[in-house]
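Full structure from sequences and hints, please.
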Amino acid sequence: MKNGQYKEYAEEQINKAKKIFWSIAWAVFFCSWYGIISFIEYGAQPNWFDLLLGVFAWIALVVILLYSAREYYTIRSSMELFIKLLDNQERESAT
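Just so we're aligned, residue 1 is where the sequence shown starts under this note's numbering, counting upward by one.
No lab work stands behind these hints, which were simulated from the structure alone.
Each hint should be verified, as a subset may be incorrect.
[Claimed, not checked] Each pair of labels, with its calculated beta carbon distance range:
hint	residue 1	residue 2	range
1	Leu52	Glu11	38 to 48 Å
2	Tyr6	Val28	43 to 53 Å
3	Tyr9	Ala44	46 to 56 Å
4	Leu52	Arg91	52 to 62 Å
5	Lys18	Leu51	20 to 30 Å
6	Val28	Lys7	47 to 57 Å
Just so it is clear, CB atoms sit at the ideal spot from N, CA and C, and this is done for glycine as well.
Dropping the structure here:
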């Protein structure tokens, strides 16, 4: 940003947000896997540990999904708006 490369910075932030969003896939897989396995274990031999582990895994799954989606779309929308503003400014200065 020091060199005035605002558009490149915004595109870099969008790409970084995409990479972070897809890296969350491992956490989603982990939470859903342990949630399912814990509920299966609870069904085979009911105990509180498996039930709580399954419930907490699914709660964590929902929280991770909501938070990561919110962050991704916040960054993406603000950077896309920034790019549009820069494009408009360039068009206005060219005329």
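Now the hints, each set against the structure:
1. For the pair Leu52 and Glu11, the supplied restraint of 38 to 48 Å holds, since their beta-carbon distance comes to about 44 Å.
2. Our hint of 43 to 53 Å for Tyr6 and Val28 is violated, since their Cβ atoms are close to 33 Å apart.
3. Checking the proposed 46 to 56 Å range against Tyr9 and Ala44 shows it holds: the Cβ atoms sit about 53 Å from each other.
4. Distance hint for Leu52 and Arg91: a CB-CB separation of about 58 Å, consistent with the stated range 52 to 62 Å.
5. The beta-carbon spacing between Lys18 and Leu51, approximately 36 Å, falls outside the hinted interval of 20 to 30 Å.
6. Between Val28 and Lys7 the beta carbon distance is about 32 Å. The supplied range of 47 to 57 Å is therefore violated.
Consistency note: the structure conflicts with the earlier hints numbered 2, 5, 6.
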